[in-house]
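*Asks:* One letter stands for each residue in the lines below.
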Amino acid sequence: MSFYFSRFEARRPPPPLAHSVPIELLWQFLATVNLALGAWYITWRWGHSINFHALWFSLPLVVAETLAYFGLALFTFNLWRVKDYPRRPAPALVSDCGGDEARPISVDVFIATYNEEEELVRLSIIDARALTYPYPIDLRVHVLDDGRRPSMRAIAEAEGVNYISRSNNIGFKAGNLRNAMEQTYGDFIVICDADTRCFPAMLENTLGYFRDPNVAFIQTPHWFYDIPEGESLRDILKRRLGGFGGLIGAAIEGVIGEVRIGEDPYVNDSKLFFDIIQRRRNWANAAFCCGAASIHRREAVMFVALSEYADQVEHVGEREPINMSALPLPGAREDPALRALRTWQAAQRQELTPYKFHVSEDIYTTIVLHRDQSRRWLSVLHPDVETRQLSPQDLLTWTIQRFKYAGGSLDIFLHDNPISRPGLSLAQKLMYLCTFWSYLGATWNLVFILAPVIFLFTGLSPVDAYSSVFFAHALPFLVTNELAFMLGTWGISGYKGKVSYLASFPISLRALWAVLRGQQIKFPVTPKQRQEGNFLSLVLPQAVIMGVTALAFAVGVFRHLRGETQFTTAGLIANGCWSFYNILAMSSMVRAAFWNPPKDEETSA
Amino acid sequence: MTLREGLVRGRSHIMFILGLVTAGTIIARVESAPAPTPPPPASAAQTEAATWAWAAASRSPSASDVALARQLAGGLGVRLDAAASGAPAISPAAGLAALEGLAANRRGRATPVPPR
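Residue numbers (this note's numbering), protein chains in the order written: chain Z, 1 to 605; chain D, 1 to 116.
Any given hint could be a false lead.
Claimed, not checked - Listed next, with one range per pair, are the computed distances between beta-carbon atoms:
id, chain 1, residue 1, chain 2, residue 2, range
1, D, V8, Z, I261, 40 to 50 Å
2, D, E5, Z, H19, 17 to 27 Å
3, Z, I261, D, E5, 46 to 56 Å
4, Z, Y309, D, A28, 52 to 62 Å
5, D, S12, Z, T43, 17 to 27 Å
Claimed, not checked - Not everything, but these chain D residues come out facing chain Z in the computed CB check (under 8 Å):
id, residue
6, S12
7, M15
8, L18
9, G19
10, L20
11, A23
12, I26
13, I27
14, A67
15, Q71
Don't read these hints as lab results, they were simulated from the structure. This one's a predicted model, so the numbers in the text were calculated from it and none came from an experiment. The beta carbon of each residue, even a glycine, is placed where N, CA and C say it ideally should be.
Starting from the given sequences, assemble the full structure and let the hints guide the process.
*Replies:* This is the structure we're talking about:
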């Protein structure tokens with residue numbers, strides 16, 4: 001059977017970013033300069049630049065700037081330094097990993113599936129079975145089918161792996177994993193999605209970390225091997241305009257470097273997230289699980305689940321009323337029978353959930369692990385890619401995925417906030433706050449999108465004046481910000497990530513609104529196949545903002561030429577550049593709605 | 001611990017301190033720079049001259065010249081609507097040049113006019 005991605009089988013993942021001490025030191029230097037100048041700028045904004053004639057406009061902007069500055073400080077803290085967890089040789093026996101028994105290690109590979117194409121899952125099964133290890137190992141592959149499909153069972157049996165299903169879908173993926181844990185016994189668990197295909201040396205490269213008995217899980221980077229590579233400008237122009245076009249393209253690329261059109265239209269490349277953000281949480285023991293491509297110590301997951309269970313039973317039992325009819329001695333108060341009954345009733349209501357029943361079960365489970373004070377479990381981000389996966393191939397799938405990430409994270413932040421609960425270290429709290437803050441950022445990003453539009457339409461200035469004093473405070477901050485983060489993310493392009501973050505504000509806002517209204521964030525399985533249809537409705541907010549911003553700029557220029565004094569040249573330049581950046585950012589999302597794979601890539605069986 | 005080991009361990013802290021010092025230097029330089037002083041208000045004589053110059057410049061066929069003249073005249077305290085009625089016998093270009101001269105003079109950048 002051939003898939004659209006069959007042609008990419010030979011692709012191999014890039015190595016992790018090399019750690020350069022000089023670049024890291026330069027980053028730290030510039031980041032500090034940037035934060036200090038930012039603090040100075042924000043202080044000046046509050047003290048000397050608020051336009052009291054347009055407070056309704058001026059105040060939200062300065063508040064937004066302050067909140068964004070706080071996010072910048074958190075992000076700087078996140079990226080501060082690389083400190084990889086030391087690698088250790090693969091263990092031969094359970095006793096090498098903190099266990100008592102001198103027997104070979106046993107590993108369960110869970111491939112969770114619901115409705116994905118069976119032949120796609122077969123590829124994951126084949127690769128899981130091909131895992132190698134330098135010592136004898138008890139390796140078992142299990143297909144966890146929440147779709148209860150006979151066809152899936154048939155494939156599992158044909159491939160010689162275990163098939164596990166259940167009669168309901170309680171807890172969705174987390175419930176599926178719990179059901180499998182009840183039926184298996186491996187010392188370690190590899191979690192795979194239906195499309196997660198392990199490279200053969202995955203276990204050999206990662207199990208060594210478990211020699212430290214406190215390591216609870218290893219997360220490896222997600223590598224999407226089907227990301228469209230696009231086409232170089234030179235080739236496109238050559239195809240359309242002939243040899244002359246090719247020469248023009250070559251000349252342009254000779255000046256500004258290679259330009260690839262249609263490359264990674266949905267900004268799925270996760271290198272920024274795994275190789276920069278997650279990897280640099282290692283030093284604070286704050287790397288979190290992202291579900292697929294992670295390896296867990298069963299003992300750790302069960303230990304924390306049982307602790308949480310006992311804790312909840314105890315607390316719920318204390319505050320909930322008792323069903324007196326079940327009490328053998330009516331009217332009895334604090335006697336042992338009453339306490340036992342209360343505990344028993346509370347235990348009936350609680351569920352043991354090794355993986356939290358939540359739309360973001362992965363990060364939530366990590367938080368529970370990290371805040372367990374009795375063991376101080378460790379998490380490790382292993383920087384090498386050990387699996388390959390499929391990326392969202394259309395805007396609908398991408399939107400569903402991002403909505404789940406945003407909604408899940410915000411739900412944890414607003415309903416079980418780990419920052420305000422005991423257990424996490426200060427560094428861990430700041431790291432998690434950074435994650436949650438980034439999703440709240442959509443609210444102030446909206447202010448940043450609207451601010452230049454308001455100025456260009458009305459001539460109202462959010463600052464007292466676009467004077468040389470304003471630029472003397474703002475420009476050093478903005479310039480050092482660009483330089484610092486260029487070095488902080490050295491080796492990858494941060495531009496796509498930045499514009500994607502800005503342009504995806506409607507998704508985060510919708511997720512925030514859903515969480516604030518108490519709506520449950522649904523668990524729809526992210527489709528693994530390309531969805532057909534018109535996705536323009538998904539980017540309507542971005543398209544409207546593009547149009548309104550362009551119109552506002554035209555109005556601003558017109559009124560400036562008419563000599564309306566509030567449309568100053570400096571104000572027009574500052575807001576014009578700002579508008580241009582916003583339009584560029586929004587256009588990346590709008591273009592993604594129209595993206596189609598090249599015709600010759602749409603091959604399917 | 002050797003000095004080298006200490007430097008390796010404390011290099012992030014050193015960068016942090018260097019960053020603070022650098023930022024402090026930048027801030028100190030900007031803060032100590034003389035603040036730009038707003039130009040003094042136009043004198044009655046300047047405003048009167050600008051009113052005549054604006055009346056001429058506003059007849060220019062070039063929209064951008066009119067826009068510039070409007071901006072300059074506004075800065076010199078000319079009541080634009082009222083001034084447009086009078087039309088001195090100079091060309092629009094001469095009117096604009098006069099406005100530019102008056103504005104520059106007010107900012108103190110023009111060559112001082114020698115006393116008559």
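*Asks:* For every hint, state whether the structure bears it out.
*Replies:* The hints, checked one at a time:
Between D/V8 and Z/I261 the CB atoms are about 45 Å apart, so this pair conforms to the stated range of 40 to 50 Å. For D/E5 paired with Z/H19, a C-beta distance near 19 Å keeps the hint of 17 to 27 Å intact. Against the hinted window of 46 to 56 Å, the Cβ-Cβ separation of Z/I261 and D/E5 comes to about 51 Å, which satisfies the hint. In this structure the hint that Z/Y309 and D/A28 lie 52 to 62 Å apart at CB holds, the actual value being about 58 Å.
Here the CB-CB span from D/S12 to Z/T43 is close to 25 Å, well matched to the stated 17 to 27 Å. Look at D/S12: its Cβ gets to within about 6 Å of chain Z, closer than 8 Å, so that hint holds up. The interface hint given for D/M15 holds, since its Cβ lies 4 Å from the closest Cβ of chain Z, which is under the 8 Å cut-off. The beta carbon of D/L18 is positioned within 8 Å of a beta carbon in chain Z (closest approach about 6 Å), and the interface hint is therefore held.
With a least beta-carbon distance of about 3 Å to chain Z, the hint placing D/G19 at the interface is held under the 8 Å criterion. Hint status for D/L20: holds, given a least beta-carbon distance of 6 Å to chain Z, under 8 Å. Taking 8 Å as the C-beta contact cut-off toward chain Z, the hint placing D/A23 at the interface holds, the least distance being around 3 Å. Annotation: D/I26 was flagged as interfacial toward chain Z, and the flag holds, the nearest CB pair being 6 Å apart, inside 8 Å.
Among the interface hints, the one on D/I27 holds; its C-beta lies about 5 Å from the nearest C-beta in chain Z, closer than the 8 Å criterion. For D/A67, the interface hint holds, since its Cβ comes within 8 Å of a Cβ in chain Z; the closest pair sits about 4 Å apart. Using the Cβ-Cβ criterion of 8 Å, the hint placing D/Q71 at the interface with chain Z is satisfied: the shortest such distance is roughly 5 Å.
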